[in-house]
Structures are given as structure tokens and as C-alpha cells.
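Trainee: So the chains spell out like this:
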Amino acid sequence: MTLIGAPVRRVEDGRLLRGQGRYVGDLTLPRTLHVAFLRSPYAHARIVSIDSRRARELPDVSACVTGDELAPHARPLRSESRMTGYRATEFPPLARGKVRFAGEAVVAVLAESRYVAEDAVEVIQVRYDTLPVVATPEAAMAAGAELVHDAAGSNVLLSRAFVQGDADAAMKTAALIVADRFRVHRHAGVTLENRACLAHWNAGTAELTLWSSTQVPGLLREALADLLDLPVHRLRVVAPDVGGGFGVKSALYPEEVAVCALARLTGRPVKWVGDRREDLLTSTQAWDETIDAELALNADGTIAGLRARAVADVGAYSIYPWTASIEVIQVISFLPGPYRVPHYRGEGWGVATNKAPMGPYRGVGRPVSTFVTEALVDRAARRLGIDPVELRLRNLLRPDELPYRSPSGLVWDSGSFVESLERAHEVLDYARVRAEQRRARDAGRYVGVGVASYVELTGVGSAISASPGAAINTGTEGATIRVDPGGTVTASFGLACHGQGHETTLAQVVAEELGARLEAVRVIHGDTAASPSGTGTYASRSAVIGGGAAILAARALKTKALAIAAHLLEVSAGDLTLADGRATVRGAPDRALTLRAIAQAAYGGAKRLPNGMEPGLEATRFYDPYFGTASNATHVAVVEVDPETCAVTVRRFVVVEDCGRIINPLIVEGQAIGAVAQGIGAALLEEIVYGEDGQLLTGSLMDYLVPTAAEVPAIEVVHLERPSPTTLGGFKGVGEGGTIGAPAAIANAIADALAPLGVEITELPVTPERLFRLIARARQTER
Amino acid sequence: MSDPVTVRVTVNGVAHTGRCEPRKLLVDFLREDLGLTGTHVGCEHGVCGACTILFNGEAARSCIMLAVQADGAELLTIEGLMQDGRLHPLQEAFREHHGLQCGFCTPGMLLTALDLLRTNPSPTEDEIREGVSAVLCRCTGYHGIIKAVEAAAQKMR
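Chains as they are written, first to last, in our numbering: chain A, 1 to 783; chain B, 784 to 940.
Worth flagging that the hints you see were computed from the coordinates, not collected in a lab. The beta-carbon is built from N, C-alpha and C at its ideal position, and this holds for glycine as well. Since no wrong hints were added, every one of them can be taken at face value.
In silico negatives: residues of chain B with every beta carbon more than 10 Å from chain A:
#1 Asp-786
#2 Ala-798
#3 Gly-801
#4 Asp-867
#5 Pro-904
The following label-pair restraints were derived from C-beta to C-beta distances:
#6 A/Arg-15 x B/Lys-938: 19 to 27 Å
#7 B/Glu-913 x A/Asp-387: 36 to 44 Å
#8 A/Ser-462 x B/Lys-938: 44 to 52 Å
#9 A/Asp-590 x B/Asn-903: 52 to 60 Å
#10 A/Arg-15 x B/Thr-789: 28 to 36 Å
#11 A/Arg-439 x B/Asn-903: 30 to 38 Å
#12 B/Thr-789 x A/Thr-594: 55 to 63 Å
#13 B/His-799 x A/Pro-30: 21 to 29 Å
#14 A/Val-48 x B/Ile-847: 33 to 41 Å
#15 B/Val-797 x A/Pro-30: 19 to 27 Å
#16 A/Arg-432 x B/Lys-938: 31 to 39 Å
#17 A/Ala-463 x B/His-799: 56 to 64 Å
Here chain A stands alone, though its shape is the one from the complex (with noise of 0.2 Å):
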């Protein structure tokens, strides 16, 4: 049995069932400051003044400083763009002037213990002119609107269009167009692990060391470098254990620059840890979009044309290095979905308001698109009268279409688009199940059922960059792995492990490779001192490209151990087999060399060598699989509504997957399971409210659902595993496909329950007030 392909189970379970789990807030350094930040109460206001004299004379306070003291210690993020259209604004660590969002970090407080600083910051008084508060985009964008940049001249952060061919005219000539307006409220990603920092510096060697719960340590350090004035050698960015980040803990934070710039002042190390309100309060939030498409077809029920208009509510600042248009730009570059669309003109703009920046959640934009897109798709079928599933497959892309360049100019490499969903069709047994909601329409009861399909991009390679626009390439990774002489191999990562098991998947793709024992392989990630320059894990890429350079990093060892243990034992590398650790002769199976013994050659010098071969056994290789591969699936939800208390309950989930080879489906089945339960949380529960005075209402787990075990059934989950054409390795990514397909079959499956009332779902979550309101409204309307 090969490697990749087996149910491994996992490296990093041993440690973490057993409490042994190292995370930010379990690290502790001698003569550590604790942090304690004085955030902003107001949305919108200017900073008159500042007075910590009181706080300032607590025992075991050290400092408490604002923006302005930090400011000659560290510069504001600012997030660059290559997009026209863009306006770059900046985020300072600490505010300076003005506030912009409730929450905003003013002052930090440093003492001997977080409970004293927390008693600091009660006594610190600020005082505050409010301003108008920008609540909403229609109202950043009405003339005379307060700007929440000054420097910006706008509130109109970005713009951009898709256009292929011409859609306006495919509207005019179509047998029938279905269109509304779309709207998925804000959202947080909730990672149970709250954001955290702890920074040193040495002032001996002038080097400074943090420690983050991070997605991305590489990408860090080359920012950090920049902001602080400091040789990106002088920087080392460590994630140790990480409780989940699901694109919340990709962007860099000001509080990291802030607990940077402190230890560096005070020379102490200085240690942040967030606690809920904070993560509701500051961690990037998604979606938040208001978008207008119309999709025409023709009357055979296939699409002639979309167009759609987008807004997104981008908060108050742009993160860096995503930009603000991370999220409405993939929205509208995604919207065509795996279909078939001829003309297409697809606009989108990112509105500041006073609000939390909005950035990167699981999936970024597409499960937005997706809703918007399958509902419009299963609105057709009703006004047609076709089965959606019969319209979908109408619609898809074959393979013989593949490879596809979509109306945004994406590259479909691959996809089993129409085999998903035929699949998916059979798990679920589809004819019994509409037969079984006959039955069900009949004994009064709304049950329902609805599809989705998606396809997106996953290990994108440096072609474009995961985010559109942003300055920065996200394409390459890279792998370094080193036989030791005692014969055991470490493989170190520049990307960043949150929950995905990097440690068991990628130790099985270099043991495979390589020929070592899986046992004898250990991975390292997280620690930019000791892996090669990559950026981390984000965007469905680290199977992809960090499992593309482990490949290559392997297969050149292995050649060169066999070129080692054929001098040795006398034959031709051509008559050797490496695997299991051992290299053995062909047909001669007592013949043979193990890995600890090609490696003490290895290291023992030239006498040992072939003639010319430099010493060492170690191999550092890069990937960069230029455009990305294409990952798709189809969900299949089956709800039933409660029409007396509006509640809605998923009776069944059934996902059909392709991410192409798989290397460990159980961890493949965790991560579609995990990701359906977060959009399962998108469809019913999950929003993040602001009030009209920009104060968040939704500030504890309290007002902030996510599902529990009780909402979240069994889900069924078939691996399709058609190998990627176009990636070394075969691997497609597969960490975010299930909260993009999820919430578009839950709300298509809503409407379909409620057809005989005929209520359409076109808002997110899909709360039991929402329904009520939906239900009551179309009562109303028959009588």
C-alpha cells in the first residue's frame, strides 16, 4: 500500500489529546509585560486627548503608550494594490487623530500581570469628539457623506469589472430572465484559539522573535521587516500551535506590529493574548455584500448571459496585504460558477464604513457568489418548469470543454463538474427523495431540497495572486529536506499547520518520495528560522504547492542516495529501489543499504562518495504551479422547515468532492465535514449586527451562534479523485470547499421547501425571524 492514499492517522494528535498542545498563550518568558489595549467605544471620533497619568501610577504598571508615541517605533500597515481603482489607505498599530471603528486599539497598557493592565486601561481617560458615524455603503457613498478616510478623498475603496462578450445584449434577446437582489450579511470566522502575540527582542543581537497565532509567518516577516526598520534576517516569525484560522489569522494585525515595537522599546518581551470581545470586536470579518444579478437564458433552459453589481461593506481599513478588495473582487470574479456563460459583465466595489475590516473567511467570495448564483439557477428551473438538477447539467462544463478560461479570465484546468453531480444525484437517491417530499407537501409538512455545484481555484500559482491585485506573490513554496546521519529526515515548510495535519500529510508525500519510513520523517512548519521563504497557509494552497515542493525536494535526494548506496554496494543506481528506509538491489534483497547508512556516507567524506559528489544529503526545492488547479463539488441538502416556529432543520447532507489525488482521506473528510458545519453556521445562524451608531451588537457567543453538535447532522461525503492534470502530485486543495458550496444548497433547499408558498431565499443567515417574516409576507400575498 502506498503512502499518499492511506488513512494515516495523525502525527500532531498525540501531543494535543493530551494537553501538550503549544499555543501563543501557553508561552511564557522571564520578565514578560502583559498588554492590555484601551480600545475605541465610539465607531467614529476624534482623539482630543489622552491622559494615563492615573494608570500610569498603578503598581506593576510599566508603560501605557498611544499611537502617537508608537509612531517613531513603527509605521501604519498600508496594503497596496496593482488594481486601478484602488485606493490605498493606512492602518496605524495604535489610532492616531481619529478612530474609525468601535474597537480600535487607542492605548497599550503594559504591566506585570493582563488583570493589571486591564485595571489600567479602566482608568486612562480619553476624551473623544464624535463624528458622524458611516454605518452603511449607501449611505458612504451619498454626496456629502462623512469620509472615513480623509486622505482617501472617498469612501469608495475599489472598483473593478469582468466583462466578456456582451451581456446587456444576451438580456435583450434572452426567453427568460430571473433576477433579484442578493444580500449575505457580515460574518465571523470565529477561530476558538483567540488571536494572540508574544514578541522579543535581543538586544545583543539586535533580533527580534514573535510568536503569533498566524496563518501566514513568512508573510509577516517581510512585512514586519518593513514597518519596524529591520532586516528581515534580524526577524523570526513563529506559529506554534495554532487553534484554527479559517483566513481570519492571514492578514497582519496591528497588534502585532504594536507588540513588536514594544518589546523592542522596553525591552521586555511583551505578550498579547485576545479574549472573545476582542476577536468579535477587531479580527477581520467577511462578506457583508449587497449584489443585483440577472440571469438570462434561452428556452432550451440554457444560459445566455449574467450581470451583476456588487457592493461590499469593507469596514474601516484595508488589511494588509489582502486589500479590502479581497473578498467583493472574487465575488464577482467567481459569479459564472462552473457553467456555461457566454456574456457576462460582473462589477464590484468596496464601500468603507465604520466598521471592523473585512478580509479573507474560508472560501473568500465564493460562497457569496455561489448563493447568488445557485439560486438564480434553481429560480430558472421553477419558471421553466425543468428539474435544477436537469438544468444544471445542461449547463456545466464537460470535460471535453476543459481546459476553460472563465468570463474572468480564470483557468479551469480540469473538473468533474457534470460527474458530481450525476453522483451526487445517485447518493442521495434523488427520485426517492422528491417522492418522499410529495408524500411529506401532502401531510402538510415543508420539506425540501436543494443542490449546489461550484468549482474554485485552488494552489494558485504566482500567475495572479490569491488575493486579486495584491502587491505581493503568493504562487511558490518551498521545501527543504535534510537526512541526518543517523538516518531519520526532517522536512521543513515555510507554511503554517491550524488544524489541516500538515505534519501527518506532507510526511507521507515526502516518505512515499523519498523511500523513508513515514515514522522517520519529521515535519517542521510554522518557524520562518527554520524553513526556506514562503508565505504560509491560505486559499486551499498547501497540499498543492507545499506538497509540490516537498516532490521535488525529495525526488533530488533520492537520486542522489541512490547514486550514494549503488557506489557502495557496486551496481548501477538504475538496480536499486528505495523505500521503507532501505535501498536494496533488485532481485538481490539481501543486498542492500539503509537510509542511515547512505546518509553516514553522505556526511563521512569523499573517500565514501563517487568520485566528484559534493557531501551532505539535504535538498531545498521550490513549486510554483503558475496558474492553480481547478477543485469542485456539489452539495445536496435536504431541510425541513418548521412553518410554526421557522426553525429549519438539515435532515441530510450529502458532498461529492473532486480534490483530485488525495493524500489522507480522512483528513480530507474532516476538512469537507468541518467546512459544511461553518456554512451550515452561514446559512442558519452566524451574523455579525451593527447598530445604526456603529456599536457592535453581537459581542459574546452569546448573540454570536455557531453551530453545535445538536445543529449539525450526519454529513455524507464521496471522493471522487480525478488527479489534477496540471499539479505536481496530482493534488487539488480542499480546506474551503465545503462552506462554498454549503449555504447555497441549504437556502436553495429552503426555497424549494417553501415553493408552495413561493418564497424566495435571497438573504443570509436565514434566521427563524427572517422566515417568519418570508412566510407571513407570502401568506398575506394569497390571500
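On the provided structure of chain A, position chain B as indicated by the hints.
Mentor: Just chain B now, kept in the frame of chain A:
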């Protein structure tokens, strides 16, 4: 700030005497004063369950209790779950069924599951879902957790 008080507590069978401020949370006492960082802090308002420990044999949220409330109590934390140097059947089952990803909720989840199986050794799937719904997991979708608790229940009976 008030003067420190003495807290005597038995954790994982070992008696400890500590001194801390009366306002100190039990979870901070465990993590900072006793160095038992396996108990995690996820929300500090008693919702997420990451900080769950056994308090005199019953599951309790250590983030909404004060250390002084534990004076004289017997506590079990994740660090005490192994038996004779071997993983507890629940720990084994979580590994076998991929019941964890990032691992942050895992200590609280394991102790909650232990409490469930002690009070209900043969739970149905719905009872397991109800029982572990006391702890939020953002990674797994609970699938592996439910399977693991089912498997551990069988083994422990």
C-alpha cells in the same frame, strides 16, 4: 486589588497550595500558577466550553469560576486523563476517528465526553450530540467527535 489568599486544591491527584488574588479565575490559576496550560481559554464567558474540567467529578467551566471557589476541591484536567502512562480510551478514540483538528477545543471536549459517559455509559447518537453540544468545535463539524465518543463508550463499558 486585594491581598493574596491561599488556595489548596488537588489537581490530577496531586495536592497543590497556591496564593493568588481573590479575583483570579480558576482557569488562569491552573494555567499560570500551576503551569497546566492544557486547559484552554476560548471565550471567558462560559459558552465555548474549551476550559471545561472536572470539578469534584463533574464537568465545570473553569473560566467562570474563581480559583478561591476551588479551595478544597478535587480537579481533573486534560493533563490527568491518561491512565498508567497510556492514553485514555477517549483519547485513543479521538485519534482513531479524527475527532480533532486544531486541538484547541479538544481538552474541554474530552472532559465533557468523560462526564457524559460517566453519567450515561451507553448514550445514543442524539444523546452524544446533546452532551457534547456543551463545547464548541469550529474545525471538525463534530462528525469525528461523535464517532469517537460512540467508540470509546463501547470500549469503556
